[in-house]
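Residue numbers (the numbering used here), protein chains in the order written: chain A, 1 to 244; chain B, 1 to 244; chain C, 1 to 244; chain D, 1 to 244; chain E, 1 to 244; chain F, 1 to 244.
You may find that some hints are simply not true.
If chains are identical, the list can't say which one is meant, so a pair holds when it fits in one copy or spans any two.
Unchecked claim - Calculated cross-link-like contacts (lysine-lysine; reagent style PhoX-like; alpha-carbon spacing at most 20 Å):
no. : residue 1 : residue 2
1   : 172       : 228
2   : 167       : 220
3   : 159       : 233
4   : 220       : 194
5   : 172       : 69
6   : 194       : 66
7   : 220       : 236
8   : 232       : 172
9   : 2         : 194
10  : 236       : 167
11  : 220       : 16
12  : 223       : 172
13  : 233       : 66
14  : 167       : 228
15  : 194       : 223
16  : 220       : 2
Calculated from the structure, these hints are not laboratory results.
Small disclaimer: the values here were computed from a predicted structure and weren't measured.
Protein chains: 6
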Amino acid sequence: MKIKVINPNTTPEMTKDIYTSAHCFSRPDTEILCVNPERGPVTIEGFYDEYMAIPGLIEELLKTEKEAKVDAYVVACFGDPGLYALRELTEKPVIGIAESAMMLATFVAGKFSIVTIMPRIRMMLEELIQRVGVGHRLASIRTPNLTVLDFMRDFEGCKKILIQEAKDTIEKDYAEAIILGCAGMAGFATEVQKEVNVPVFDAVASAVKIAEALVDMGVKTSKVLSYKFPEKKEFKGMPSLLQP
Amino acid sequence: MKIKVINPNTTPEMTKDIYTSAHCFSRPDTEILCVNPERGPVTIEGFYDEYMAIPGLIEELLKTEKEAKVDAYVVACFGDPGLYALRELTEKPVIGIAESAMMLATFVAGKFSIVTIMPRIRMMLEELIQRVGVGHRLASIRTPNLTVLDFMRDFEGCKKILIQEAKDTIEKDYAEAIILGCAGMAGFATEVQKEVNVPVFDAVASAVKIAEALVDMGVKTSKVLSYKFPEKKEFKGMPSLLQP
Amino acid sequence: MKIKVINPNTTPEMTKDIYTSAHCFSRPDTEILCVNPERGPVTIEGFYDEYMAIPGLIEELLKTEKEAKVDAYVVACFGDPGLYALRELTEKPVIGIAESAMMLATFVAGKFSIVTIMPRIRMMLEELIQRVGVGHRLASIRTPNLTVLDFMRDFEGCKKILIQEAKDTIEKDYAEAIILGCAGMAGFATEVQKEVNVPVFDAVASAVKIAEALVDMGVKTSKVLSYKFPEKKEFKGMPSLLQP
Amino acid sequence: MKIKVINPNTTPEMTKDIYTSAHCFSRPDTEILCVNPERGPVTIEGFYDEYMAIPGLIEELLKTEKEAKVDAYVVACFGDPGLYALRELTEKPVIGIAESAMMLATFVAGKFSIVTIMPRIRMMLEELIQRVGVGHRLASIRTPNLTVLDFMRDFEGCKKILIQEAKDTIEKDYAEAIILGCAGMAGFATEVQKEVNVPVFDAVASAVKIAEALVDMGVKTSKVLSYKFPEKKEFKGMPSLLQP
Amino acid sequence: MKIKVINPNTTPEMTKDIYTSAHCFSRPDTEILCVNPERGPVTIEGFYDEYMAIPGLIEELLKTEKEAKVDAYVVACFGDPGLYALRELTEKPVIGIAESAMMLATFVAGKFSIVTIMPRIRMMLEELIQRVGVGHRLASIRTPNLTVLDFMRDFEGCKKILIQEAKDTIEKDYAEAIILGCAGMAGFATEVQKEVNVPVFDAVASAVKIAEALVDMGVKTSKVLSYKFPEKKEFKGMPSLLQP
Amino acid sequence: MKIKVINPNTTPEMTKDIYTSAHCFSRPDTEILCVNPERGPVTIEGFYDEYMAIPGLIEELLKTEKEAKVDAYVVACFGDPGLYALRELTEKPVIGIAESAMMLATFVAGKFSIVTIMPRIRMMLEELIQRVGVGHRLASIRTPNLTVLDFMRDFEGCKKILIQEAKDTIEKDYAEAIILGCAGMAGFATEVQKEVNVPVFDAVASAVKIAEALVDMGVKTSKVLSYKFPEKKEFKGMPSLLQP
């Protein structure tokens, strides 16, 4: 099967790390295509960034719908941006990395903590957790004030910080699992896992596994109500690439 | 004071009706600027439409931030699209019409019903209601399968349908107030109000009144956490107009 | 328009401060009538006080319904006492200061904190927050153990304490807005606002603005179900003034 | 032990029925005192009635606190009026009939329905159910549009209606227990029970049993925070009987 | 009346203490039968222990159903194990000690804390609290890392720890009542009560009082849906004693 | 990898169907072991049945832990019986079929309905849905009054009923996906899928896919708190096979 993983920001180094993570945890017969749009923010660290990334994300999905044959899509940003819109545009499963990691964590742990980037995204994550429905399983959100690009620039420094936050949340917040809450942390799960005695979830890997599961089961996105194809209409002044 | 009302779709007839509604309910010393972006979908009837409208919406706000002097913004689409992003981009209050109407309804009625357009937006509204926090005050969501443009094309026909739905929900769902859940319904509230004995809320008017209230109080959007100005960063391949 | 603000306790100095706050934030063409009942507790600092204040409050409203012409009522106590009963007695909007401040705060901040008086009212506020529906937006309730009359007696001392609590809750509880949770704090918002970088809400002002909004929109209290006029019946041994 | 049951309305016939119900289900060594205030509404059928009944209710409790020796209080109105205020005024348990019936029903049934009086009290009951916490156990609220005095005037007619509603809710709403939601229905439980195959709860009886339980256990109302004795203060123009 | 209290573990010393507690708080004309199964874990300190105790518990109930005449059952373990299954097997009320203590606490206190054994049962209690519906009344769960058998072995040591935890939770968590959250703590409530100024609930006593209440009221377990008698079927390789 | 699927009832024909379903949707390199205990109820249709099945289920797991080498366990009953206890007994993931199907459904549909067996299990499913956290995504629970063995006895008859219920819930309840809520329905998903235009979830298949996902990711059950290995202790009169 083919899964297209879209990094919605425009930082190719990060796309590469996401590819490694996705590929590393995928099944041998799964082909991972990993791309990022040509236009949009270099990182996503707030609501504005998120919405600015969505057109590029949609473009990437529509391009694939028209040209290539893939079986599912993964959106590789921990805010799960634009998910519902993408689901309208295709019958293939579209999977978010945050929703996937949170749901998988509940199968092996009572409560989980999310270790993520800067404090400003706390509200974005809290609303996401409510939408997913796992608020009763959340131990805490830890925001050690890292930026997304820090992970590209200082692997060792970030690793230390993530390990420290993970240890703290296990000890102080009754956390029983750790979710690394940023696609830029792809590759860190293995490192953090070595240092702590609870399961550590790579969110990109989580979404790839959910995508594989749904494709294997043959289920597609329901098109009868919430995720119907968009109504036909005119889009003024917009690149045709952005239109289904 | 000056309030800029942005219709996030690209249908000027609708912008005109929204202006009428906003102007009609505003205070004499409030100046209403009412615009729509040049690019984007002609109507918003789903998640894809919503996200496609947000760049134009942001452009309109940023243009104003740089050029004109306004005191608050109103986003005139009942899905409250892009609200959090806009709040990051300015210190001035940014108000959604759905959140405004729902909150104002709770001051004069036990339960309210939303009469809106087609069934596919039900999930969008349910998630919005949860975010606002008034789920316990909702009697029902009524979706008489109208499109946004129907309101432009057939005033009398739509009026009849809205009145019938309003009467039905009062009688069968214990509704004590009606919210007209689409910016395209601007102008219908007065008509429906004549036929039913419960308060009927025009959502655009509701948001204008909330905007006036906040401006009068001198409060601005909090910039310490969730709505901080966006992080400085590169946006590849994007019009400079879209960047704060 | 005319708004009658009723301070439900019997301390005229406080009524005066409430008037100043209401008047100061009202529109030029809004006339504020501000009164307190002749009978009832001098302050409201618990459930018993609250219920003992309600008959006087109802008397004040009914007196106005029979004699004067006003457009809306504001109940100026942060417990929002007797609101539902008052709504049964009139078609005019009846607005609570707590519900108003909490709702307005959500338009400009992710999470808000309430800085109020003594710890014993914590449960009263928690139940009120649930009724309003904004529990997911509450950062914390701060109870610095002040009494209502402290605000009349020691402006400077109280000001210092409120500023300190506001600063603490911003720093420690992720608060992004402050609500001053007592009608006795009318007048302090401006002072606290000078010292902190988040919006500070005067609750009396908030309710006046909501009242103005609803009157401008022409909506009235729904009389079809929850807030129908009281059933006709005998009230034994009660002053006729208390009967609708 | 002695339990004082206070009917908060001023209809002595109803007080008599409440006494019969309380006495009939109490233990042989429990003495039931059953009274109603001299002043207040003859029935409670809305928020205004409720608040107008509370001063008389408080008077009755305070009179007893000063004169007689009782072990617990029961407030015999299904809106549980003034409960928190009464708890502030005494160390003895103060028990509501609605909260008692709802909690006891959960021990013997998956879901329960409340059969009560007129539709207008629906919101009052919904808020009460949320405060008690048993919303997930509620099958439905049935409001056959009876007034409280109907139960005094037409026993047979009311009996038929209650039985019909009970049967309907078992069959259509998955109800597994019935709560008769009005103190005026004291005496009807036995009759309804004969006709339906699910447990039927008399609310007055439920509260008497909870009161007996708490007195036997020797627990008293906690006075450290929410239910502390009222703060000492002046109450202007109020009968001394109303002051603790 | 006769109440059978079943200690679901196999430690007779604990059964004795449970009996003392049940007997001590029961009415003079209530006969307490207190037993434990012959097979099963010596204590219940986790999910596995709980499920392993349920067959013995069911055996004890069925033995009684066939032989002796009792009026109600109490399950004396704070996890309320197997309650729903037992309710299917008999028409007599089956009462859990955790649900009883939590509900009774809400009648006399704003918020309560549970002082229990080891941290691992935290999730078990949190899910139980959600099922009962009193999450909004919980101040905290305190887990001082005691085992169930500690209470048999070191009364004085445990007493000190429980008193310390109770004092801490009153001071730091706004607790207004204490529930001793383990049947092994039967007998400690009186001791803790002497040292703290809030009501302390013995959970076994709480359940006995609820059982007495329901029996006095003549209500039985509803057999129309959730708690119908089990479907007739074959149970392979299981002792006939375990089959209804 | 090897996944052991345990049918917790003792009907080998059903075990065979479960095997077929598990095998059919598993990856080529996944080996499915499918067994049922030798003792326990022939079907699970209520709480008593559920608890009676758990010892056999535990025995099956412990036998495997001691003898064979598997990578994960699936419990194939839609009540997800004994899951938490099993998680205490092993480090390998233990997956329930109900939780798996509900979570996977949320990735491709706004709301899902569960079509299951008889009405009496409604409460069991409602509590399960709350524990999983997806109550806001539930359209309805449909209980066409089938028994588990009906699926073994009358394939065509059951198929018709399931298809009719699925069509009804799509049309009337806004369902966008169907979950077949009984392990006995293994094999029916494909048939129902042919007749309806929304995704249909086989619950056994769902759990196998989640198990594969977690094994591929290398995560194990967290052993630090809720799912620690059971405390060492004596189990009186119990087969050693049942002890870890």
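Verification of the hints:
In this assembly of identical chains, the alpha carbons of residue 172 and residue 228 lie at most 20 Å apart only when taken from different copies (18 Å versus 45 Å within one copy). With identical chains, the CA atoms of residue 167 and residue 220 are at most 20 Å apart between copies only, with a shortest distance of 18 Å across copies and 39 Å within one. Within a single copy, residue 159 and residue 233 get their C-alpha atoms no closer than 48 Å, and across copies no closer than 23 Å, so neither meets the 20 Å cut-off. For the homomeric pair residue 220 and residue 194, the shortest alpha-carbon distance between copies (13 Å) is at most 20 Å, but the shortest distance inside one copy (37 Å) is not.
Proximity of residue 172 and residue 69 under a CA criterion of 20 Å is satisfied in neither setting, with 47 Å inside one chain copy and 35 Å between copies. Taking identical chains as interchangeable, the C-alpha atoms of residue 194 and residue 66 are never at most 20 Å apart, the minima being 43 Å within one chain and 27 Å between chains. In the homo-oligomer, the alpha carbons of residue 220 and residue 236 never lie at most 20 Å apart, since the shortest distance is 31 Å inside one protomer and 33 Å across protomers. In this assembly of identical chains, the alpha carbons of residue 232 and residue 172 never lie at most 20 Å apart, being 53 Å within a copy and 26 Å across copies at closest.
For the identical chains of this complex, residue 2 and residue 194 are neighbours neither inside a copy (31 Å) nor across copies (25 Å), given an alpha-carbon limit of 20 Å. For a Cα distance limit of 20 Å, the shortest separation of residue 236 from residue 167 qualifies neither inside one copy, at 52 Å, nor across copies, at 37 Å. Within a single copy, residue 220 and residue 16 get their C-alpha atoms no closer than 28 Å, and across copies no closer than 27 Å, so neither meets the 20 Å cut-off. Taking CA atoms no more than 20 Å apart as the test, residue 223 paired with residue 172 passes between copies only; the shortest distance there is 16 Å, against 44 Å inside one copy.
In this homomeric assembly, residue 233 and residue 66 come within 20 Å of each other (Cα to Cα) only inside a single copy, at 19 Å, whereas the closest approach across copies is 32 Å. In this homomeric assembly, residue 167 and residue 228 come within 20 Å of each other (Cα to Cα) only across copies, at 18 Å, whereas the closest approach inside a single copy is 44 Å. For the homomeric pair residue 194 and residue 223, the shortest alpha-carbon distance between copies (15 Å) is at most 20 Å, but the shortest distance inside one copy (43 Å) is not. Taking the closest pair of Cα atoms, residue 220 and residue 2 come within 20 Å of each other only inside a single copy of the chain (15 Å); across copies the shortest separation is 27 Å, beyond that limit.
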